[in-house]
Amino acid sequence: MLNIGNKQKRVDGPQKVTGKATYAADIASPFYHAYVLQSTIACGSITAIDTSAAEAFEGVKGIFTHKNLPERLKNKVDYTDPLSPPGKPFRPFYNDKILYNGQPIALVVAQTFEQARYASKLIKVTYEEKKFKGSLSDNLKNASADRAPEPASNRGDFKKAFKNSDYTIIREYRQSRNYHNPMEPHATSVEYKSDGSLVVYDKIQGVASSLKYLNGVFGLGADRVQVKSDFVGGAFGSGLRPQYQLFMATLAALELKHNVQMVMTRAQMFSFGYRPEVIHTMKLGCSKDGILKALSHKTVGETSTFEDFNETIVDWSGLLYKCDNVNLEYELTPVQSYTPLDMRAPGGVSGVYALECAIDELAHEAGIDPLEFRRKNYVDYDQNEDKPFTSKELMACYARCEEVFGWKNRKDLSKTEPHLLKGYGMATGSWEALQQPASVSLSMNEEGTFTIKCATADIGTGTYTVMSQIAADKLGVSIEKIKFMLGDTAFPDSPIEGGSWTVSSVGSAVASVCEKFKYRIADIWKRNNPDYQAVAFEDISFQKGKLEYGSKTFAFTEIMQQASKEELSIAHSESPAAGQNTHSGYAHCCVMVEVTVDKDLGIIKVPRLVNVSAAGKIINPKTAENQLLGSMVWGLGMALREEGMVDTRYGRVMNANFAEYHIAVNADIHDIHTEFVEEKDDKVNPLGAKGVGELGIVGLAAAISNAIFDATGKRLRKLPMLLDDVLEA
Amino acid sequence: MKPFQYTRLSTEDLSLGTTLRDSTILAGGTNLVDLMKYGVEEPDSLADIGKLPYAQIEESDKGLLLGALVTNADTAYHAAVKSTYPVLNKAILAAASSQLRNRATNGGNLLQRTRCYYFYDTTMPCNKREPGTGCAAIKGFNRIHAILGTSASCIATHPSDMCVALAALEAKVHVLRKGETIVIPFDQLHRLPGDQPEKDHNLEPGDLITHIQLPAEGFSEHFEYLKIRDRESYAFALVSVAACLKVSQGKIADIRVALGGVAHKPWKLKEVEKDFFGKEASTENFQSLAEQLIQGAQGFGTNDFKISLVKGAIVRALNNALNPS
Amino acid sequence: MNTNLVHFTLNGEPVEVAIEPWTTLLDYLRYHQKLVGTKKGCDHGQCGACTVLIDGNSVNSCLCLLVSLDGAEITTIEGVATADNLSPEQQIFIEEDAYQCGFCTPGQICSTIAMCNRGEINSEEELKDWMSGNLCRCAAYKNITKAARRIYEES
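Which chain is which? The protein sequence lines are A, B and C, in order.
For the record, in the first sequence the residue sitting at position 678 is 678 according to full-length UniProt numbering, with numbers rising by one throughout.
For the record, in the second sequence the residue sitting at position 276 is 276 according to full-length UniProt numbering, with numbers rising by one throughout.
For the record, in the third sequence the residue sitting at position 11 is 11 according to full-length UniProt numbering, with numbers rising by one throughout.
This is chain A alone, in the form it adopts within the complex:
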């Protein structure tokens, strides 16, 4: 009855395919609908705002602006959330100042969504505009290391080693801004109860973050508000911080003493965080035989004028390959925009993009096969932290990927139409394998069904399913006997769902609470069966909902009859494994791609993508593979499709929709394959599992860029790489 390692179908599948899975906007209560009016300038202030026509419009229940923000929201109010970067978080309606184009400046609440949307257009706003810097390139001279966190320590003597290198490169790589755009727009439904308490259904990657924010801003503690989030329609980081719809719906519900729902429009999904635009400068040097001698990685990234968003970008360059002379720099510059926000593999995907392009360029300079070059510079300990890895089967990934892809004989396979150029590229990817503290509770009912609760989330990653698998195995029951519940501030604390640490953190807690249950039930059994009092726990087994000793079996439900209910309600808090301190935990992968480039028309296609990953124990290959495939498609999108187009004259995103902000569609995906190599890890966490939600995107854009070079001889040192870049290069 082993569930761990099984391709278990999702336990929430039937809800998802029938439309019965309820997301934040799917709550059945009668709601007023809230619609946000956004600023049309990027910088300055509101000199007048006339809401009279909107107020008079049929169905309108209330309008909120900086003019009527309740006083209590102005003084000594804490607008931070657990992931706020340094600076001052955005405070809606706080004053007349405009911090970015698209800023919420008024909220219209009406009986219907249509009424609220149209009434918002009847509001007349007058502004006083100020000059501003609309983009990273506009404001490079104000870039500063002071606003950014210190990167990993420099080591060795980069300058000298670079000078003494046989082959060197100095290159600049640029990435444009990307927006998360989960399919489910951000939404909050607030139920206003007769006693003034609230039930808040929020789109969030961890309900605790919403609660912290509501407490700080509105003074609503856990006694007055419950935050729930049963299903999240994707997030990829957009739900790591509470977004402004939570403020809006809560404000309106409290002021109007009524249920209020606010759902962002797709255009409004471009009015908050994003993966920032960055510019990387890479300087690499190696010896004649391809040994990396010197590496410098400097990144300048954009942030807002009010918060210093930072991510770990350049440190990855000190981690991936053996190099004794490393120089890392990171600077930020403010632009007139909302603060960037962690987005799938934040920092890592950016840093590794630049590194893996640069490594490919250096390997080419040295005349060494890019896979061979990477093997030569393999590193088996973390030079940034001076620690060993908990495990690292990257060499096995290289070998397996080489075999599956046919890397050695790739050029022989290269038959195609005359106008198509074919190219092959590869990259290494990596992502942290962290474990956070997590708590869970477990109880068993008379039918022998277990309910396990944790305030974690399932953003499509498979939390419901994987936790059920772990519990079923540990308890020795079938998976149908497990009911895993999440997304509720009434449940035990969980880390936010992000960083690919949910299986590691919550999964380990689930495993431990099940262990505790077994000890507990064994104790009760012994207590009530004097003959067995001396039996050692190790001699008992647990299978099919029964305690087994020798040839005798005792059903859990039977033993339970001799216990109090409290005895079988068990709580557990799990701390990170000791290995998290003594070792560095990372998952790794190798990705290889085939591209075709139309030499007349510039069209880039990706007929083949292969990823081989080492990510410890894979609890559910079905959902893990799906995660990997999805993140690979993200890598393709980042490489060839996605670009938040900010018209710097206005500071406005001009493609704030799904027709012109191109995420990959079904037809973009051809032969795409992923698999795992075996990786045993007894240090990273008790399960030996590493997360896979972010791994597949890391390195992929570089692999595509490297393949385009292989096909065309052109290095397109920017993302996304479009057909015009091919034609103009």
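A couple of the hints might just be wrong.
Computed list of lysine-lysine pairs in DSSO-like fashion (alpha-carbon distance at most 30 Å, straight line) [said to hold, decoys possible]:
#1 A:K141 / B:K139
#2 B:K2 / A:K124
#3 B:K279 / A:K599
#4 A:K257 / C:K146
#5 B:K139 / A:K121
#6 A:K617 / A:K680
#7 A:K121 / B:K199
#8 B:K2 / A:K67
#9 B:K311 / A:K718
#10 A:K680 / A:K7
#11 A:K61 / B:K2
#12 B:K2 / C:K34
#13 B:K90 / A:K422
#14 A:K599 / B:K90
#15 A:K159 / A:K288
#16 A:K9 / C:K146
#17 B:K270 / B:K199
Hints were generated in silico from the structure; no laboratory data involved.
For clarity, every value in this text was computed on a predicted model and none was experimentally measured.
Chains B and C: place on chain A using the hints.
Leaving out everything else, chains B and C in the frame of chain A:
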């Protein structure tokens, strides 16, 4: 959406003739409802023509008569379209998504509006949406914009794929005007922006497109619809080419080339095509045709690449048409 | 109140309703009928999350004014399964893990049903193009394609 009056028209209403002049016509609504939600279009009244008798495809020896209310999908998958007018089938299926093709009508497709970013954003200057406010695209993002037939007031393109094929086929548009049917050659339906970019086409208020007449010749042997876009499906054309050929003993007997994504209307020049009648069907001649067809093309910065791209696309499309795979 | 009368069938049941003309089918389903399985992903026909079946054809319900659907037969995800059993399409989506977050899934399933109804798919390319009207940001495309292929072949 701004509140509006709604009328569902019957055939009898139509004979009264007045309703249409004061209303915006609603058919499939895939573009109109989209624009109304953005506030780009704010009609006071909608006249729903969905129940009018223009939902058939009729075959005759003069060609195929496509009802204006037939959906794009039903048109593309119609047996006679597939067999006789494959370039139209291919163009329609290259457009939009399966859902939009299932709902959008032929008449509506002809009248869809530009995808210019600044046209769609009501906070931006746009002479097409709000005459006299200026064109933000000329010095802004214009990667998807026109390179031919532009004016100082507008560089928008017509976004349709279907229309590019219809232009190549030299279809005719049947329009009900004041109770009479008039016939408009396809190249006279749409217009260049000039100093009136708010006008996409040459129809008058109250006009109703009832049918599209396809000529008997469908170029089913040598045709291509080549669409170049930013993803492999569900994206508007950066550049598209509808190419139709008749070849006799290696010589061009007839040639049609219409371009999408490069102008305010499907771009086609009959006089250029005629120059090549009787010439060898060769890459060199196709290149020469491409040069002539896009003579005077001008980029605005981020769309400069379209000039070389469209040349390559024309030659590729004609070669593909010449040598069907 | 500015309303117009419209008749249609919804998941097999006849409906007559006087409705404000600007109400889209999507908003009608979600707000009036509480049929929230149909999702609003973009509200502009650019994502496919709101896909339902009208007379067997997949359409973006966000772009259909309800008043214009007089006489139509409308089926939503809630009308796809029978009371006791999942439809074959739904079962195949579960088996192939053709989703992650599940938000686009009702629309994806409606598109596969319409694809079978239309019966015009002759290649893998055409199948992927048909399904491209349904964006999946989780990007479960490989599995969606597998499921859609099975559904088409088994229909």
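Hint check:
no.	hint	verdict
1	A:K141 / B:K139	holds (24 Å)
2	B:K2 / A:K124	holds (16 Å)
3	B:K279 / A:K599	holds (27 Å)
4	A:K257 / C:K146	violated (49 Å)
5	B:K139 / A:K121	holds (28 Å)
6	A:K617 / A:K680	holds (7 Å)
7	A:K121 / B:K199	holds (25 Å)
8	B:K2 / A:K67	holds (26 Å)
9	B:K311 / A:K718	holds (26 Å)
10	A:K680 / A:K7	holds (19 Å)
11	A:K61 / B:K2	holds (18 Å)
12	B:K2 / C:K34	holds (24 Å)
13	B:K90 / A:K422	holds (27 Å)
14	A:K599 / B:K90	holds (24 Å)
15	A:K159 / A:K288	holds (18 Å)
16	A:K9 / C:K146	holds (15 Å)
17	B:K270 / B:K199	holds (24 Å)
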